[in-house]
Amino acid sequence: MNKLQALKDEPLYKQLQKRLLEEVQCGGYLSGQKFLTINEIADKYKVSRMTARQAVMQLQKAGILYSRPQRGTFINNPKGNIKSSFTIGAAFLDIYNTSSPYLSESFRGLTGMAREKGMSLVTMALKSDRDILSELELSGKIDGLVLTSWVSVEAIVKLREIGLPFVWLDNDLPLQDIACILVDKIYGMLLSVDYLIAQKRKRIAMIDPWGGCERLAGCKTVLESKELPVIPELLRVNSARTYEDETAFTYKSAAEILDEGKPDGLVVFGEVATQIVIRLALERGLKIPDDLAIVSCANIATKDYFPVPVGVIKIPLMEMSGMAVDLLHKMLRGEHIENAKIMVKPYLVDEE
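Numbering (the working numbering), first residue to last: 1 to 352.
FYI, nobody ran anything at the bench for these hints, they're computed from the structure.
Take these hints with a grain of salt, some might be off.
Pairs of lysine-lysine, PhoX-like flavour, derived with a Cα cap of 20 Å [claimed, not checked]:
| # | residue 1 | residue 2 |
| --- | --- | --- |
| 1 | K200 | K287 |
| 2 | K287 | K220 |
| 3 | K330 | K202 |
| 4 | K252 | K226 |
| 5 | K127 | K117 |
| 6 | K202 | K226 |
| 7 | K200 | K262 |
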């Protein structure tokens, strides 16, 4: 029976890829011999043409098959041996402040692990996430991609449609089968609150432009566990989708909290949001950290990034970048992956 069954932990095109690989290995094919067409594969295995195309593209990337325009798909490696050397891409959507080590730490993690795994690395600087597909064409053939920045749902859908394996750094989509390296932000919140408690702060506020309801619930849980008051008007979260959204939300939230809430401690997520909070606090004559202690849950750890002393919750970016490359390498080799969503813990860098 050729019909495939939808499995929770394995996409249909992955199952089909394995079936086609078995067919190549056991079918007595010769190098250069024509293989099944997309329509023939779809009919034989009772899948959509898109699923068939995704599976064939994976085998092309692995060096098993190749295609000729207007002529079809052909056997390249009749023994079906998956190639051991890959070229991967790393897409950067943002250019960061030079005092932030985001780029250097990312590059060190990416290049170090790529070198260890014997892979070539191509870097791509994107003006927007809409440029991903065109940039992939300009960069030549790559076997997989590490996304280092937030991109839209539409961009993720396009990547999945073309069947390009990718790992997303510090981002995910709820309820989606996406390989990613994530930061335990609830643990980061716990570190932040402990930092503020050590400075005898009790009216703790939070501004998170990117977090959503899950982050808000986590913040409340942490405050309650520390027997601190949960003051709803001091806890502001949003699900921003652009940097314009982040800026507008942070300005509005910070102004209202500082004018009406009078917090003595504030947790902010993101470098841009932290800079905005600092600026508005200083404009109101507040002394940092005497009047208002700030913790920035960001990607940076340099003392000269912010103009005033703040606590920084830093993510282990170099380690995460290396883990992303390692995970992508396993995906390209077709290895069994127990968990494609890997969680890492941030740590506190005291900027005082």
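Here's how the hints hold up against the structure:
{"no.": "1", "hint": "K200 - K287", "verdict": "16 Å, holds"}
{"no.": "2", "hint": "K287 - K220", "verdict": "27 Å, violated"}
{"no.": "3", "hint": "K330 - K202", "verdict": "46 Å, violated"}
{"no.": "4", "hint": "K252 - K226", "verdict": "28 Å, violated"}
{"no.": "5", "hint": "K127 - K117", "verdict": "29 Å, violated"}
{"no.": "6", "hint": "K202 - K226", "verdict": "10 Å, holds"}
{"no.": "7", "hint": "K200 - K262", "verdict": "15 Å, holds"}
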